[in-house]
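**Q** If you want the building blocks of each chain, they are given just below.
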Amino acid sequence: MFPRFAETIKEAVRPELYIKIAIVILGGFFAVTAAGKLNLATSLLLRGVAAIIEAYLIYWAVVYFIARKWFGFNREWAAPLASGISICGVSAAIATGAAIRARPIVPVLVSSLVVVFAVVEVLILPFLAQTFLWQEPLVAGAWIGLAVKTDGAAVAGGGITESLILAKSAAEGVTYQPGWILGTTATVKVFIDVFIGIWAFVLGYIWTNHIDVTSDKARIAEIWQRFPKFILGFVVTFMVGLYLALGTPADVASKVPAAIGEANTFRVIFFILTFFSIGVLSNFKKLWQEGIGKLAAVYAVSLFGFVIWVGLIISWLFFSGIKPPLAG
Amino acid sequence: MSQTDIRTELQRAAPEPLLPVEKKLIGFSLGTGLVLLVVLAVINYFLPATF
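Residue numbers (the numbering used here), protein chains in the order written: chain A, 1 to 328; chain B, 329 to 379.
Hints listed in this document are in silico derivations from the structure and should not be mistaken for laboratory results.
Possibly wrong hints are sitting among the right ones.
Once the Cα atoms are required to be at most 27 Å apart in a straight line, the calculated DSSO-like pairs of lysine-lysine come out as [as the list claims (entries may be wrong)]:
1) A:323 / A:69
2) A:255 / B:352
3) A:69 / B:351
4) A:217 / B:352
5) A:294 / B:351
6) A:217 / B:351
7) A:294 / A:168
8) A:255 / A:10
9) A:37 / A:255
10) A:294 / B:352
Some residues of chain A that are not near chain B, with every Cβ distance over 10 Å (derived) [claimed, not checked]:
11) 120
12) 219
13) 248
14) 255
Ideal Cβ placement from N, Cα and C applies to all residues, glycine included.
One chain only, chain A, in its complex shape:
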């Protein structure tokens, strides 16, 4: 939105780094939130896995078909575009581009589209969720995780959605525990990230063996190379938080929520940095200068015509009827 300003501070504008730090801190917060309701937390995790398997298999195939058949894109453009739109934005586009041995410019352009559309989604979807899904808070959280691409925008969107829905519910006399809606969004997003490497490998294998046959074959080690390592940090903070909350003497465990509350302050700071960075990076004008209106058209048709609605159906199927615990 502010290209000159963005250029001046470009070294510091790193939304993906900021959100990953926030997600690692969030791991500890979830652990403490989940400790009191382990059954519910486990149910949410299992439903998160089910939802994202669906998202991968259904979203990718349809978006790839639309890009290839309706818009006439070649394979080099269609595969990163399908991954960017359907899976997890920037990281999926880059992983797929590398896996199918596309030119570096392809995922870079797709990524610039992803950020712009993610901003549009973050400005619209949380308010739709508050209006239409406030009675199904976890459906709303999962929906944001499935519909908004890029970790930063999705988790930021989950945070906004949680605030809006908690406020609306409170106004209606229902006070939910904070953390569960955002937790659902982040869980869905983290699982999506886990599978990026595997999906990129599947595509890389097909491409290098059956489509653009090359001596540079996809290797199984690429799954680990493309595995988003911040997830390890999230798992570690989650496990440590869970151990402290459940596996330590009562006098230690009683102090854990306050300690996580302190860490949560940093999480909020990194959230704000993420919001700000995404806003600074979003250069709507540049898209048209680069003449990639056709890419944007595929994105708009797929996102608003398909991805958002299928995400809503999947979220509803797996999360409807499950409510966050009441506060107090």
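Given chain A, work out where chain B should sit, using these hints.
**A** Frame of chain A; chain B shown alone:
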């Protein structure tokens, strides 16, 4: 690659017909997704979330 090159490439790219392996990938992915959707929805119905 310059901006003009990208614009030209995207506008003038020769159409590439879907190869059989691409059709298989789309069909397998979508088919598996839809079958799993039904299976998981049924499991979800009979094994509701525990609170």
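**Q** Each of the hints needs a verdict: does it hold here or not?
**A** Do the hints match the structure? See the list:
no.	hint	result
1	A:323 / A:69	violated, 41 Å
2	A:255 / B:352	violated, 55 Å
3	A:69 / B:351	holds, 11 Å
4	A:217 / B:352	holds, 20 Å
5	A:294 / B:351	holds, 23 Å
6	A:217 / B:351	holds, 21 Å
7	A:294 / A:168	violated, 39 Å
8	A:255 / A:10	violated, 40 Å
9	A:37 / A:255	holds, 18 Å
10	A:294 / B:352	holds, 26 Å
11	120	holds, 22 Å
12	219	holds, 20 Å
13	248	holds, 25 Å
14	255	holds, 27 Å
Checked against the numbered hints listed earlier, the structure breaks hints 1, 2, 7 and 8; every other hint is satisfied.
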